[in-house]
Amino acid sequence: MGTVTTMRQLTMSQAINEALREEMRRQPNLILLGQDIGAYGGTFGVYRGLFDEFGPERVRDGPLCESATVGFAIGAAINGMRSVVELEFMDFVTVAMDQIVNQAAKMHYFFGGQIKVPLVIRTAIVSRMGMGSQHSQSLEAWFIHVPGLKVAIPSNAYDAKGLMKTALRDTNPILFIENVKLYSTKCDVPEEEYSVPFGRARVMREGSDVTVVAISAMVPESLAAAEKLGAQNISVEVIDPRTLNPLDVETIAQSVRKTGRVIITHDAAKTGGVAAEISQRIMEEAFDYLNAPIVRVAGLDVPVPSGALHPMVVPNQQRVIEAVLKMLGR
Amino acid sequence: MGTVTTMRQLTMSQAINEALREEMRRQPNLILLGQDIGAYGGTFGVYRGLFDEFGPERVRDGPLCESATVGFAIGAAINGMRSVVELEFMDFVTVAMDQIVNQAAKMHYFFGGQIKVPLVIRTAIVSRMGMGSQHSQSLEAWFIHVPGLKVAIPSNAYDAKGLMKTALRDTNPILFIENVKLYSTKCDVPEEEYSVPFGRARVMREGSDVTVVAISAMVPESLAAAEKLGAQNISVEVIDPRTLNPLDVETIAQSVRKTGRVIITHDAAKTGGVAAEISQRIMEEAFDYLNAPIVRVAGLDVPVPSGALHPMVVPNQQRVIEAVLKMLGR
Amino acid sequence: MASGTTIDVAQSLSHEMLRHWYEQMQTIRYFEEQVIEFFAKGLISGSTHPCIGQEGIAVGACAALEPSDLILATYRGHGECLAKGADPKKLMAEILSRATGCCKGKGGSMHLCDVSHGVLGTNAVVAAHIPISGGVALACQTRKTGQVTACFFGDGASCEGEFFETLNMASLWKLPLVLVCENNEYAISVHVSKSQATPNIADRAQGVGMRNQVVEGNDVLAVYAAMRAAVEHAREGRGPTFLECKTVRWERHSTFSAGRYENAEAAQKWRKVDPIPRFKSHLLTVGISEGALEERAERARATVAAAAEFALSSPPVSPDAILEDVYEP
Amino acid sequence: MASGTTIDVAQSLSHEMLRHWYEQMQTIRYFEEQVIEFFAKGLISGSTHPCIGQEGIAVGACAALEPSDLILATYRGHGECLAKGADPKKLMAEILSRATGCCKGKGGSMHLCDVSHGVLGTNAVVAAHIPISGGVALACQTRKTGQVTACFFGDGASCEGEFFETLNMASLWKLPLVLVCENNEYAISVHVSKSQATPNIADRAQGVGMRNQVVEGNDVLAVYAAMRAAVEHAREGRGPTFLECKTVRWERHSTFSAGRYENAEAAQKWRKVDPIPRFKSHLLTVGISEGALEERAERARATVAAAAEFALSSPPVSPDAILEDVYEP
Ligand SMILES: Cc1ncc(C[n+]2csc(CCOP(=O)(O)OP(=O)(O)O)c2C)c(N)n1
Ligand SMILES: Cc1ncc(C[n+]2csc(CCOP(=O)(O)OP(=O)(O)O)c2C)c(N)n1
Ligand SMILES: [Mg+2]
Ligand SMILES: [Mg+2]
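Chains as they are written, first to last, in numbering that gives the first Met the number 0: chain A, 0 to 329; chain B, 0 to 329; chain C, 0 to 328; chain D, 0 to 328.
Hints are computed from structural coordinates only; laboratory data are not their basis. A few of these clues could be false.
Below, simulated EDC-like cross-link-like pairs (lysine to aspartate or glutamate); rule was C-alpha separation at most 16 Å, straight line [what the hints assert, rightly or not]: (1) A/K164 with A/E21; (2) B/K257 with B/E205; (3) D/K268 with D/E184; (4) D/K143 with D/E235; (5) C/K268 with C/E184; (6) A/K115 with C/E323; (7) C/K279 with C/E293; (8) A/K257 with A/D208; (9) C/K143 with A/E56; (10) B/K325 with B/D208; (11) B/K115 with D/E323; (12) A/K164 with A/E192; (13) C/K40 with C/E308; (14) A/K227 with A/E205; (15) A/K164 with A/E191; (16) D/K268 with D/E250; (17) A/K115 with C/E327; (18) D/K173 with D/E235; (19) B/K164 with B/E190; (20) D/K143 with B/E56; (21) C/K279 with C/E294; (22) B/K185 with B/E17; (23) D/K279 with D/E294; (24) B/K269 with A/E283; (25) A/K164 with A/E17; (26) A/K325 with B/E283; (27) A/K269 with B/E283; (28) C/K193 with B/E56; (29) A/K257 with A/D287; (30) D/K193 with A/E56; (31) B/K164 with B/E22; (32) D/K173 with B/E56; (33) B/K115 with D/E327; (34) C/K279 with C/E15; (35) A/K115 with A/D169; (36) B/K257 with B/E284; (37) B/K227 with B/E321; (38) B/K325 with A/E283; (39) B/K164 with B/E17; (40) C/K173 with A/E56.
Isolated chain A (complex conformation) (with noise of 0.2 Å):
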């Protein structure tokens, strides 16, 4: 690439504020929509600094009313500007599916390519800290089901400020998935302009006996797990698609011709989850080459429960260990 990159150490939230920041200033027609995101900065604090610098015409604020809220940020982007909105919990996009759903995924298509919806709707799992049932889950599993929206699912601060940069300049309502639990976690993030294109996944770290394909919070808990069964001589390959649509099967397939075993793993509960389809989808292009069925490391079918006790039921490192163990046969 011949120039030179200077990195620094960021935190997820400030990769994606910067992200945010840096085409708020080159896109004069870009607005941000929600609640609290005004001089409060987003209830996790991922706007911090947006309002001063952008004022209240741009960095919205206001009533609590999600669904029109979407509408609005859906209206303003058939109208000559680049909406980003945040529900703040992905619990709450249940209030607005309608508009992400039946408005801005797919009046491209029925509008026949005359409506352009850039769009981009970011939200937060907030699977582990203990808010119980109506704040703990991870959803994104309905939205691969849309034909017309793409989504976004960031493990850390370097993807998270490529992809975001990279949903800015897409002309598609993109639903972007953050994580409570990642908003601290800090990388090298490059000083200079780059961005991460939307459907490759990234190896985070290569093995050879299991791969393991991890989403959100679980790309750092599984390299953790890779990094405790390294010791005991088990290789483990970790993969962050990164994006879900679209899914790039091709990197995972690679590795599954190499390993042969695939354990998939999220925070949503297992039942209807993303992982049954990144495993048909790998069973498409390997079929051949999987020496055991896939497994999935997820959520229990039941609803997260408050408190401490959501660790029983949302998964982790441990219970990736197990599960490479026992497909081992260890």
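Add chains B, C and D with the ligands to chain A, keeping to what the hints say.
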């Protein structure tokens, strides 16, 4: 069984009507909520005659606000009634998702069993009428991902009546997914009281070469395909899961252990559809018996276009036939 | 029932303009009759929702808008699309699922769109386009384009949460928006008396402090007068208006759904208040001749015939096109 | 600021009753302070939303209800649960995720429930419980139980579509329901001036023809008086009431979210209108002794201490229990 069973031919619409009528007679606290369910008899006529027999208090037509309507149905259900609420097109579940997912499904759990929610949410898939992208979705996959909900999706009059009877005596929130295309299809239905339990798949046709797991309108399509393939000496087993949660994996796995080959088919868009979940469950149960990757015959990953164009997107018997032939290398 | 204002407005209008509105109303009427005929012949699958009897609202309201102004409407929005200037040929082709349709044939009767004429789309989910119209107006306000946005919807829609959410936000943010409620008394089968406790839907706007007015919707002049005031108010930056246009629905909800009236007579009620003969007799009063009006009606018929002809002779949508436009590349 | 009615009401109340309300308010205050302390000690994960400063609404409103009446509330509903008679021990145990909690420890601070005392649950999705309360009231109406249902929610909730949908339906169906809006001026960080264009949220009820009243929410007597009238109205089958109780929020939205006031002074504003000292000085005026009140405060402290003790000594939820109650067998 000793007793004589008197059969009549009923349409699926009549069968559901009959189940509701019988239980309305039996259970004085059973009420129906929705829009156009009064004298009008429901958008697709399933409620014909119920308003006349049970009056406006028990067949309660109301303003156009699906979200509150479902909320009201929940409120009535937790306070001594049993509610049935109609969402005319499955696409409109999007307007009531919070009530279905965060309230009805989780309440029994997060209130520690204190609250019971005897609620049936009836809705209809309308994928084959050309009513456009916002009136043609099959969204059952979303709901198998919601612990606390049960999901029924009958394909014929007999099962529809029997499952509805079970639903109306269950004390959990149930999503009951009908299909406009099937309303007018007829089959034998006993005069006598009967019910069909949740969680038992039905082998609709026995066969030995390929297992086709078919859902809703794809059941008759698959049976027609099987018939035609039979003429070419290809023996297809067709299984209708009837309920998606609970899902009877065992009956399907048994079939797979016999045939070694599986096609799963539904109207819903392929990516993220229930076929992926069923496929994964088959893999978990019968990996060693699979002779080929499991194949999905599903809706294309595009919004369903309007008018006469929908058959290019929604699957049909021809696509099942092609998939079977391809799978058998013919 | 022309009020003082309406007469004032009517007198300020040129005969040419009045004749033009008459032609537009007739065009909409013939267009919808043609659509119904096509549906009956099986050329349209799904459903279609005629706005017959409500032409006065579409024409009166759109006449008060500039060409650069924006509208959004419902599945019952063929009339508004035509009144706003969309090409009848492309609309008819769209309704018949032809490749030459305004949405390349993929939208159909309920999803029409013509950005070049400010038609930002008709919507098939009741009330969903109301917040979208709020966002459209917000963009105009933020970008200071001077455009006004009008959003058309029904009495049924005014029971949906999103309607209220938008009412509140639009009022709060003083958006350049006119919410035009076509109160045709029915939401499929539910009569307004079974969906609201107050006599006027406009009361809801009052509840969030929004300027509002109840209008005789079968009088194109009354609609125009009220809309003109609302549009001026919005254009001056003074905020939104809620216009409740009282009207009567055609004899069915759609070509698919019966609509259920108490009796056959009620189903024909719209004929008694039909805005077209009503407007016609006004035009005769102000001195426009029967002949001039017949000429306009004839032109309307010709426009619709040409649209029908165009649509029928257009190719179907190709299988490849079905796969396009899911994403913007 | 007691109005005429309030004084009338106050005079009709026995001293015993007034002392009891005082104790209830103190119990709620101490309970919330204890919860905050537990949170600070890391004994509660997630978040908890104290109703400190709003005790007058919980106590005044619930005092006007019969034991058999029903309530639903929000995550900020500890006070209402206590005022309605739920066992403080089981509530505290629930908030600490203990197996002895009212929801077996799985609900936590935001999901409390005590069916035996008519508490049909607190909810963590803003406004979602409002239509549910409508359905609860509908069931009472249909089954002719004579019960009244009260639903508590905030100013923020009154911007959500479901609030409005319920307002409309409840008004239309004349449900035995009282919608108690606790307008504490903030929805997390958004001040009411940024979420509504009218001075009173009660105007929204006017818009759908619902009986409504604005009440000084920091005055337990005013709340009681208004609520008593509303409950009577409902019980007589004359329909719902919307009560807007003006109050001031405690210094934070929750133990997790800061809540953001313009300045530190604003965050302490609630202390100036604190309903407890206000009620106390009224009680002293009517001749209840300082000593009698201190005795009640002491009892309140003891109740909370016992609840804390019970909770702390209760076992955690077992892994098996986590898997139970997903479905009713
Ligand atoms: C959210 C939603 N619910 C239900 C429907 C089905 N539906 C289509 S039109 C209609 C009636 C709407 O009535 P109104 O708003 O008065 O408009 P009108 O049809 O009278 O013009 C209904 C219930 C829908 N399309 N969207
Ligand atoms: C649908 C939904 N949106 C957002 C939130 C996050 N949230 C929790 S409390 C709250 C503020 C609610 O304000 P208000 O209704 O005034 O009640 P208060 O907290 O002041 O008692 C918000 C935005 C939520 N829980 N549910
Ligand atoms: Mg109507
Ligand atoms: Mg508040």
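These are the hints, each one checked on the structure:
With a C-alpha separation of about 9 Å, the suggested pair A/K164 and A/E21 falls inside the 16 Å cut-off, and the hint holds. For the suggested pair B/K257 and B/E205, the alpha carbons sit about 11 Å apart, so the restraint of at most 16 Å is met. As the CA atoms of D/K268 and D/E184 are separated by approximately 11 Å, the hinted pair is consistent with the 16 Å bound. For the proposed pair D/K143 and D/E235, the alpha carbon gap of about 11 Å is at most 16 Å, so the pair holds.
About 11 Å separates the Cα atoms of C/K268 and C/E184, which keeps this hinted pair within 16 Å; it holds. Taken as a hint, the A/K115 and C/E323 pair is honoured in the structure, with Cα atoms around 14 Å apart against an allowance of 16 Å. A hinted pair counts as satisfied when its Cα atoms are at most 16 Å apart, and C/K279 with C/E293 qualifies at roughly 10 Å. A hinted pair counts as satisfied when its Cα atoms are at most 16 Å apart, and A/K257 with A/D208 qualifies at roughly 8 Å.
For the given pair, C/K143 sits about 12 Å from A/E56 by alpha-carbon distance, which is consistent with the 16 Å threshold. For the proposed pair B/K325 and B/D208, the alpha carbon gap of about 13 Å is at most 16 Å, so the pair holds. Straight-line distance between C-alpha atoms of B/K115 and D/E323 comes to about 14 Å, which keeps the hinted pair within the 16 Å bound. As the CA atoms of A/K164 and A/E192 are separated by approximately 9 Å, the hinted pair is consistent with the 16 Å bound.
Between the alpha carbons of C/K40 and C/E308 the distance comes to roughly 15 Å, so the proposed pair stays at or under 16 Å and holds. Of the pairs offered as hints, the one joining A/K227 and A/E205 holds, with about 14 Å between alpha carbons and a cut-off of 16 Å not exceeded. A C-alpha spacing of about 12 Å is found between A/K164 and A/E191, which places the hinted pair at or below 16 Å, so the restraint holds. Restraint check for D/K268 and D/E250: the C-alpha separation of about 8 Å stays at or below 16 Å, so the hint holds.
Proposed proximity of A/K115 and C/E327 is supported: the alpha carbons are some 7 Å apart, at most 16 Å. Among the hinted pairs, D/K173 with D/E235 is consistent with the structure: their alpha-carbon atoms are about 11 Å apart, no more than 16 Å. With a CA separation close to 14 Å, the supplied pair B/K164 and B/E190 stays within the 16 Å bound. As the CA atoms of D/K143 and B/E56 are separated by approximately 12 Å, the hinted pair is consistent with the 16 Å bound.
Only pairs whose Cα atoms come within 16 Å are accepted, and C/K279 paired with C/E294 is accepted, the gap being roughly 13 Å. Distance check on the hinted pair: B/K185 and B/E17 sit about 14 Å apart at the alpha-carbon level, within 16 Å; holds. At most 16 Å may separate the alpha-carbon atoms for a hinted pair to count; D/K279 and D/E294 meet this at roughly 13 Å. With a C-alpha separation of about 13 Å, the suggested pairing of B/K269 with A/E283 holds against the 16 Å cut-off.
Proposed proximity of A/K164 and A/E17 is supported: the alpha carbons are some 9 Å apart, at most 16 Å. With a C-alpha separation of about 14 Å, the suggested pairing of A/K325 with B/E283 holds against the 16 Å cut-off. Between A/K269 and B/E283, the direct Cα distance comes to roughly 13 Å. Compliance with the 16 Å bound is thereby established for this hinted pair. At most 16 Å may separate the alpha-carbon atoms for a hinted pair to count; C/K193 and B/E56 meet this at roughly 13 Å.
Restraint check for A/K257 and A/D287: satisfied, since their Cα atoms lie roughly 12 Å apart, inside the 16 Å limit. Pair hint D/K193 plus A/E56 holds up; C-alpha atoms about 13 Å apart against a cutoff of 16 Å. This hinted pair checks out: B/K164 and B/E22 have alpha carbons roughly 7 Å apart, not beyond 16 Å. Simply put, D/K173 and B/E56 have alpha-carbon atoms about 13 Å apart, close enough for the 16 Å limit, and the pair holds.
Distance hint between B/K115 and D/E327 is fulfilled; the C-alpha atoms sit about 7 Å from each other, no more than 16 Å. Only pairs whose Cα atoms come within 16 Å are accepted, and C/K279 paired with C/E15 is accepted, the gap being roughly 14 Å. For the suggested pair A/K115 and A/D169, the alpha carbons sit about 10 Å apart, so the restraint of at most 16 Å is met. A hinted pair counts as satisfied when its Cα atoms are at most 16 Å apart, and B/K257 with B/E284 qualifies at roughly 13 Å.
Distance check on the hinted pair: B/K227 and B/E321 sit about 11 Å apart at the alpha-carbon level, within 16 Å; holds. Restraint check for B/K325 and A/E283: the C-alpha separation of about 14 Å stays at or below 16 Å, so the hint holds. Distance check on the hinted pair: B/K164 and B/E17 sit about 9 Å apart at the alpha-carbon level, within 16 Å; holds. Of the supplied pair hints, the one linking C/K173 and A/E56 holds, its CA atoms being roughly 13 Å apart against a limit of 16 Å.
The structure meets every hint from the earlier list without exception.
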